[in-house]
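Take each chain as given, in its own frame, and dock them per the hints.
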Amino acid sequence: MRYAETGVNLEIDLSRGSIEREGTDPELTELHLGGLGTNARILWDRVPPEMKPFDPENLLIFSAGLLAGTPAPGANRTIISTFSPQTLLMAYSIMGGFWAPELKFAGYDKVIIRGKSPKLVYLWINNDKVEIRDASHLQGKGCLETEELIKQELKEPKAQVATIGLAGENRVYFASIEQGRSSASRGGIGAVMGDKGLKAIAVRGTKDVNVARPAEFFELCNEVLKYIQHRADNPIKGVPPILAGLGSPQEMSLHDEQWHTASFAWGNARIRRRDFWNKEIEEQWKGIQDRAVERLISCYNCPMKCGGIITHPKLERYMMKCYSKLTYTMAAMSDLDFGFRIAGLAQEYGVDGYTTPQVMAFALELYEAGILTDKDLPDFPSDNEERFFYLLEKIVRREGIGDALADGVYWAARKIGKGAEEYDHNTIKKHEQIPIKLGTMNPIYYLMWSTGEKINITQIEGQIPQAPFATKEEREEFVKDWIQVPKEEFKEFVLKWGEPGTSFPNYPTNDAACELVEWQETMHYIDDATGICAGLSSFPIKPPYHIHNLPKLISAATGLDMDEAKLWQIAKRNRTLIRAINVRRGMRRADEKPPEDHWKRRFPDIEAKLLDDYYKFKGWNNQGIPTKETLDELGLDYVGQDLEQRGVYKNGKKQTPETKKESPKSKKAEATKKETKKEKSQGKKA
Amino acid sequence: MKKVKVIKIDVDKCNGCRACEAVCSAFHATPKYSSTNPERSRIRVLFDPLRDIYIPVLAGEYTEAECNGRELYTIDGKVYDECSFCRASCPSRKLFKDPDSDLPLKCDMCEEEPPLPEPLCVQWCLSDALTYEEREEEGEEEAKPGELEIGLESLVKKHGAKAVMDTVARMSK
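Line by line, the protein sequences are chains R and L.
Read in our numbering, the first sequence has 270 at position 268, and its numbers run on one by one without any break.
Read in our numbering, the second sequence has 201 at position 173, and its numbers run on one by one without any break.
The shape of chain L in the complex, shown without the other chains (with noise of 0.2 Å):
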């Protein structure tokens, strides 16, 4: 069996304060907590009070192409733009990626030793539009990436693994 962590995400209590994203921010900075930028976040939040589309959004899977052309939604007679729930890191969008170095970014859960009780964005939605639950589910736990193993795979993905391996290389010299 393998542990599966689910944040729920609830749109009608989303109250659009982007703490989840600050706080997301704060806690992925190195040193931790030393700095803020929303930009950096791996949850963001579609943000469109004029229509009333509040989406919060988990990073998710890097992807190295976009889809074969786009769909849109219409919910309770809202338009939904093209990608609004889709939480890829694709190169059609600005959407998690690292503003300084362009890698991309993906949720982790928060996880580190000693484990948190739940995400810290989970923690800091007072207003529970996300929530946060662990089921069991069939099947192994996988090994899964590192922060670093996933920007190195996507610059291999990027310019080609003899061309990243000969920078390192330079680079250690």
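Looking at chain R on its own, in the form it has when it is part of the complex (with noise of 0.2 Å):
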């Protein structure tokens, strides 16, 4: 038996029309957790580097996490994986919601879609009934409309359906999946289920998920919920409110905004307001907030409440979380009303809250530069929120200007030319960032921008307070209590932190800060693997799971034999092996810098050598490409060979020195290649 893990995906190949039941190898499991890990796994097994995200040989892998289904609280994330017609790197989105613990009720781990569908189709996986089915009706339809469509179609009010809108459909690189409460809209994977002819997923699952060890897993499971209480009655003092509870930060409810409005660029990622917030404003805001958010909703099995549903005279009801409140709001350099009216219709069409405010304000910038004139943007209206919503059409539809547009900021602004590029300052690997402009460069931020590879900040970042405490008391009291901290010495960087000499961009040391991105990094890819939210876990400071429980969590569930040293292990084997795809696929160490303006004041000299650090600290070579013999040490042995015939060492600069002795094929490849129990399912072509 099985046990957290269902032991079985779904293979569907959308060209023919066929769907698989296939068993998975349980070493696999060992090897890579499952999530985010064994997704990477199929990908580098599977994809190779000349395939391009609109190949139908591109894989699209919805993955439940590994503990998703079973009591622990949070665990709920559905990890979606494929290449990025955006970076033409791996795209892995997560969106939460009650998608992943109904696909392992219904008995799978993963759906993996392959080929491309002739006609637009959707796919109803209902235990062991799996269909395709004909979806040429949902052609257009909002994203839910077409959840509520397809449920009413299929009478079945319980069914989880991921789906995506127009933009999907459309192949706009920024398109997301979205179900529900949740989307996953990073890296334009929302565009390649599009490609693929794929509308939605709809699943029904009414079967068991198994634990190992149950009353121990229980006992974990309630002191993670007593811990999350105690968080809840104790907030952090000594940082921002949006910083002191856990969740996903708690937009829905909270009503102070000085955080996000000063910190946070405005516009095109340009203008800091650090005096926008004042009374006037929260009372004006808190009472628009209170009249759209009616109520505040959860994901699956999760206390928190970072969503919200919202009603608005101008909308349909929706749902949303979290910054989408005023990602839209501060690119239009508007108020928060059209912030809730712009995000829902938005959503309905299926695109990224980041990334598409700051394509419509990156726009608007070249059109009063004049390099986007009347022409590319006939009736172009002359209210400026009314251009934002005009943009959105164009972009969704790839109507004229739009086409451009709908293909990010990188990718637009040489489509357009003329000067445009200078304007694309806020991305890293072609894919647009939060729009954060700061001061002095920090050491620590600087690591985590340059080698995220889940391209979003909040998907690296987390634990570590943002600022210094005032005083030392604070600094102290802020510590005592400090459990997740994998070693003692975590605590001297903030004890130091606020002393004299202790400020960017001489701190921390480098060691440190190469300590220090690891831990939040690794955080993130457990998480990625296990499926429980980064909102209870890698991205808040003290959090209910960390490196000290999870190891019993995943080990009670699964039955693996499981210690800190072993998880972390994983996580990098995890982390590594994403490396290696994207170096395969040309990523070098030129894609890894944040935008020149990230930092007002920069440092290149202390930039360059903070890297190199953090290059050798991974076991990376100076191009940050994992050597052969770091990948040798994760069993990732397949992956150096492989490297090294594709002469991937010889481009950079520094060849690692690796053994002699020829190695004998690796087992763990091997261990895949073995032929897996297939049985055809009863599933048809509708």
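There may be inaccurate statements among the hints.
To give an idea of the chain L side of the interface with chain R (calculated C-beta under 8 Å), a few residues [claimed, not checked]:
(1) N43
(2) N65
(3) P173
Derived DEER-like restraints, expressed as beta-carbon distance ranges [stated by the list, open to error]:
(4) R/E285 / L/E161: 34 to 42 Å
(5) L/T159 / R/S20: 46 to 54 Å
(6) L/P145 / R/P315: 41 to 49 Å
(7) R/F278 / L/E94: 54 to 62 Å
Hints are computed from structural coordinates only; laboratory data are not their basis.
Ideal Cβ positions, reconstructed from N, Cα and C, are used throughout, including at glycine.
Structural data, given as structure tokens:
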């Protein structure tokens, strides 16, 4: 019997219309856990680097996290992986909601989609019965609308539906996949789904998810729940309200937006408005928000209320979460009411709430600079807010200038030319970043912005305070119950921070920065494999899940022998494998740099040394390529051999010395090739 | 006097996380906590975010016949489907039946020895949509039918006592 996981993946070939059930190799769970880890392994094994995102051979993988569907609070993540049309690298976006547990209850860990359907279809997974069904009547329908129509058509109100909107169908490079209150929206995975002719996946399951050591596991879950309550009763002192609690930022209940409005940049990531926030605006926005947010809502089995049901006189009810409340507002230099109004529409079209407003603000700047003219923007409204609605419509339809803009800022700038590239000032690895423009280079954040492969900073940062505490007493108070640190030395970072001489760019030391970044990143990679929400784990300060209890939870749930060192090693293996996938697709050191104006005060020499040191610390060469030794240590020797055969190491300046002895073909690589039990399902093409 | 256990439900506070369903099914699994499956839960959240309807309903008595006719409630302008607030395991719907055996499920307030401080769904509802209280009422304590008894009773109603007894006799050979 398999515990926590089901041990079965669905393999769907949309070109042939075939559906297969495939037993998975338990050894892969031991090596990569699940979720993102096993997704990466499948992409490495099955999608060679020559494949383009819109080739039929590209895979689109929907995976439940390893612990999704167990009673572990907040274990509900769906990890969707493919290759991004925008970055051309591996894309992995993650959503909460209810889809992943339902997939587990239906008896599957992953749905692996290959090929392309000649006409628009959707997939209906109802326990053992799996069908590919016609979706031509759903063409052009909005995301929530599609969910409703599918549930009605199937007469199954309890089905969970992940779907694309018009943007995904039109292969907008920042199209999202939406599921009720949740979205997987980074990297253009919705465009890949649209390209495959797949409108939606509906799933319903009524089977058991089993755990290996039930009493022990449930007791650990109880402890997690108790700690969540403890943190609700004891917010972190001395930090802005938005950082004081758990969950993803509690944007639906918080009214104090001092932190976002003052620290993040407005417009096309241009303007800091440090004194924007005042009592009058707070009162006004509070009124707007309280009218709009009807109820605070959660994802599956999670007490945090990060989402809200939104009502607005001009819109159908919809659901919102987190910072999408402000991204449109701030890009358009507008107010909160506009934010609620446009976000609902954008979500229905299925576009990313970070990238979309920035693309539109970028277009507006080009217009103001005369690079885009009235010829490019026929009937362009004069009202600022109306302009954003206009641009949204053009983008999701790829109409006129919308066709270029739908490729995102990086590609649009190059398509438009005439100096538009100058206005692309907030992308890394061809992807729009959160609009933050700060003062002095912060070594920890420098490394995270540069080397993060999840593209979004929120998917690598977490755990550590973002500014020093004012007094020694506060610092001592903070570290007193900081049980989450992997080692005691990390407390020193907080205890000293704020003393004379501890300012950026010289604090912390490179060694400490490397360790702190690795800690933050590692916790995210664990979450992405287990499917536990970052909002209860890797993202906030003092979370209920940490490196000390996660190995116990994973072990009790799965029966795997697990300790902190082993778990750390698995996270490192997954992280390194993803780097190798991207390296194999051409990613190099030159790609790893924050925008020029990300900080006002930059230190090229210090930054270069930091990156050198971090690469070395990670066991990568000075091009950011994992060395063969590092790969061997992680049991990824087949990866090293592949990189070598492709001449990847020759392109870098340095080549790592390697053992002369020819290593026998990896056992692990062999393991994946082992014939796995296949059985045809009764699925048929509708 | 008899003790009445009450789970109070505040639908305004429900955040729709369905933790109650998850832990209920885990608690009633054999061995305890060994599996999770909301379909086996004795509490279900009626869930319709786009109409802002969230109603936790606890499984009540098994009934062999469905109601004559249906009713619709309108509360604060929201229309609630027929059967929304009904706790019965009944022939007209799939709710509160074990997905494998089709036997009825009924909330037992997590009774066990030693007793839990409050039913597990209440413990896990940090939103306080579910709260627990005990009160005294006039009357005698009734012997509560056990799980097996409830299941057998429904089988007897469905197939007749003779068929059930014959089957049991055949199986025990």
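Tested hints:
{"no.": "1", "hint": "N43", "in the structure": "holds (4 Å)"}
{"no.": "2", "hint": "N65", "in the structure": "holds (4 Å)"}
{"no.": "3", "hint": "P173", "in the structure": "violated (25 Å)"}
{"no.": "4", "hint": "R/E285 / L/E161: 34 to 42 Å", "in the structure": "holds (39 Å)"}
{"no.": "5", "hint": "L/T159 / R/S20: 46 to 54 Å", "in the structure": "holds (51 Å)"}
{"no.": "6", "hint": "L/P145 / R/P315: 41 to 49 Å", "in the structure": "holds (46 Å)"}
{"no.": "7", "hint": "R/F278 / L/E94: 54 to 62 Å", "in the structure": "holds (60 Å)"}
Hint compliance for this structure: hint 3 is the single one not met.
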